[in-house]
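**Q** Here's the letter readout for the chains.
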Amino acid sequence: MTTISTDDVRALAQLSALRLSDDEATKLTSDLERILSYFELLGELDTEGVEPTYYGMDQTNVSRSDVIAEREVAREALTGLSEGGVVAEQFKVPKVL
Amino acid sequence: MKIAKQIDEVAATSAVAVVRAALERAKADKNNVVINLSESRALERAAKVDAGELKGRLAGVPFVAKDNFLGYGAPTTAASKLLKSFDAPLQATVVEKLESEGAICIGKVNLDAFAHGGSTENSAYGVTRNAVDPTRVAGGSSGGSAVAVARGIVPFALGTDTGGSIRQPASFNGVVGIKPTYGAVSRYGVVAMASGTDTIGVLAHDVEDTALLMDIMTGQDTKDMTTLPDFFAVQSTPTGKKLGLIKEFMAEGIDPIVRARILAAVEQYKSLGYEVEEVSLPMLKYALAIYYIVVPAEISSNLARYDGVRYGSRVGNEGTLRDVYELSRQAGFEPENKRRIIIGSYVLSSGFFDAYYQKAQKARTLLIREFNDVLSRYDALIGPVAPSPAFKIGNNTDDPLKMYLEDVMTVPASLAGLPAVSVPIDTNDEGLPIGIQIIGKRRDDAHILAIARELEELRHG
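Protein chains in written order, with our numbering: chain A, 1 to 97; chain B, 1001 to 1461.
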């Protein structure tokens, strides 16, 4: 059984840029304990010397030649998507500190 | 409703009439399928078909896309509050491919927000109801896509499948749904969930239509470097006839009626000249744990971009930048999104990385080896899609682990990048649809469809 505290969950939330309510933090703590305990099942497996599979397909180093293309998508993305406003093609955000 | 029937109707009336009728069916829907319709754009494109400006194998045929496909004419919300008013500046490659054959996207349909879930209950736009029994779930996360096809709103729908999100709702609503080989279909312009197992597929009325759509959708895309050179060729008869029935999927925990229906399908395959043997894959026991470590890890990384600055509704602008990030994400994500982000952050954090993430990826290697070994002896593997037919709405919402366990039969093929199709075989005594899952070797997408088609033809004559 893996145990985890509400403070642990709050620390994870901060790493994840989430500001949880107290109720959410409490619920997530018990959810996480159950889920992480389920993961203990993998402890049965001997994985000594086994290479991890980070990428599931049998392709490696796919490359293509550089081709100049006309695409306005980046500019459209910048001007059309941010609700906080764009000034001189830059995102406008509040003070950092 | 078959694609051919819609094409006949376009010829007999007009594309505008066919598209208008589909829009009317979508508006009359009582299952909460649609998030936004793209009515004016759809009718404009239909008029172009009637004017002879748009041609192709799907000229005038209406379809819907799960709302995590970027498209013109309606917002792309991913069923989240965060992207409620996100108007995509581009279209997904697969939408473009279908449109280049004259197909007409009439709107965007419901899913679990950001495709996190297996029931379409985790949506900011309400629960989608099962096509047969409205007190039950549609399955998910492509629940809207499955119900749209099952209710005859459109002949086909785009979906995504990361761990079962096409196959399980297809089974729950009685339609065909394919999760292709990883890399078979371009993911450009689709909201990323877990890039290591995300696939794009389709839900349709029958196997023949599914094969036609796969023929159009597959192939390499310079905008998605994970795509494979096109290998798909529609085939009407299977090239091999030896099937393995997955023992672990037929053991304890499976609904007895689902088990009986699968065994009946096995007998049908035998009557078609197939050799069917029970086969054991002991690593399947670990697949769900592997999946729910690896996938949340990728989710926590992929969803970092939704910060209220680059994307999404901004909250907290009167405070600091940190407030904007935290409050926008807090307000914009559903509880299941947050749960997965937090699990991902946990398994990736230093001190736990080796014990969880690294361990899971090593276990994944063992699972893939086992699949490769078994699939060297069989043409395909068969078994159920889910442990039971569609469950009641609200049944699993308080218990995330119980909800995750519903995915136990679909995540293995995802982790191994294998193609898998769900095909309706029967119903239970209450009329709830039950599908069979056929899992093939990598790049054997056409082969599993040919195997599926034989069973379908036997059932329908």
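Wrong hints could be hidden among the right ones.
[To be verified] Computed cross-link-like contacts, DSS-like style, restricted to lysine-lysine with a CA-CA straight-line distance of at most 25 Å:
id	chain 1	residue 1	chain 2	residue 2
1	A	Lys-27	B	Lys-1048
2	B	Lys-1081	A	Lys-27
3	A	Lys-92	B	Lys-1084
[What the hints assert, rightly or not] Derived Cβ-Cβ restraints for the label pairs, each shown as a range:
id	chain 1	residue 1	chain 2	residue 2	range
4	B	Ser-1280	A	Asp-66	48 to 54 Å
5	A	Asp-22	B	Lys-1005	51 to 57 Å
6	A	Val-62	B	Ser-1014	53 to 59 Å
7	B	Asp-1373	A	Glu-89	34 to 40 Å
[To be verified] Part of the chain B face toward chain A, derived, beta carbon under 8 Å:
id	residue
8	Tyr-1182
9	Arg-1261
10	Leu-1263
11	Tyr-1292
12	Ile-1293
13	Leu-1321
14	Ile-1342
15	Ile-1343
16	Gln-1361
17	Ala-1363
18	Thr-1365
19	Ser-1376
Source of the hints: derived by calculation from the structure; they are not laboratory data. From the three backbone atoms N, C-alpha and C, an ideal C-beta is built for every residue, glycine too.
**Q** Closer than 8 Å between Cβ atoms is the bar; does Arg-1261/B clear it against chain A? Give me holds or violated.
**A** With a closest approach of 29 Å, the Arg-1261/B hint is violated.
**Q** Does Tyr-1292/B hold up as a contact with chain A if the rule is Cβ-Cβ below 8 Å?
**A** Interface hint status for Tyr-1292/B: holds (7 Å vs cutoff 8 Å).
**Q** Should the interface hint for Thr-1365/B be scored as holding, given a Cβ-Cβ cut-off of 8 Å against chain A?
**A** holds, 5 Å
**Q** So does Asp-22/A sit 51 to 57 Å from Lys-1005/B, Cβ to Cβ?
**A** Taking Cβ atoms as reference, Asp-22/A and Lys-1005/B lie about 55 Å apart, which means the hint holds.
**Q** Does the nearest C-beta of chain A fall within a distance shorter than 8 Å of the C-beta of Ile-1343/B?
**A** holds, 6 Å
**Q** Holds or violated: is the Cβ of Leu-1263/B closer than 8 Å to a Cβ in chain A?
**A** It is violated, given that the least Cβ distance between Leu-1263/B and chain A is near 28 Å, above 8 Å.
**Q** Against chain A, run the beta carbon of Tyr-1182/B and see if the smallest gap drops under 8 Å.
**A** Nearest chain A Cβ about 5 Å off; hint holds.
**Q** For the range 48 to 54 Å, tell me whether the beta carbons of Ser-1280/B and Asp-66/A fit it or not.
**A** The hinted range 48 to 54 Å holds for Ser-1280/B and Asp-66/A, with Cβ atoms some 50 Å apart.
**Q** Given the hinted pair Lys-27/A and Lys-1048/B, is their alpha-carbon gap at most 25 Å?
**A** violated, 53 Å
**Q** Once the shortest beta carbon distance from Leu-1321/B to chain A is found, is it less than 8 Å?
**A** holds, 5 Å
**Q** Look at the Cβ atoms of Asp-1373/B and Glu-89/A and judge whether their distance stays inside 34 to 40 Å.
**A** Cβ of Asp-1373/B to Cβ of Glu-89/A: about 54 Å, so the range 34 to 40 Å is violated.
**Q** Answer holds if the nearest beta-carbon of chain A is closer than 8 Å to that of Ile-1342/B; otherwise answer violated.
**A** holds, 5 Å
In summary, the structure is inconsistent with hints 1, 6, 7, 9, 10 and 19 from the numbered list given earlier, while agreeing with the others.
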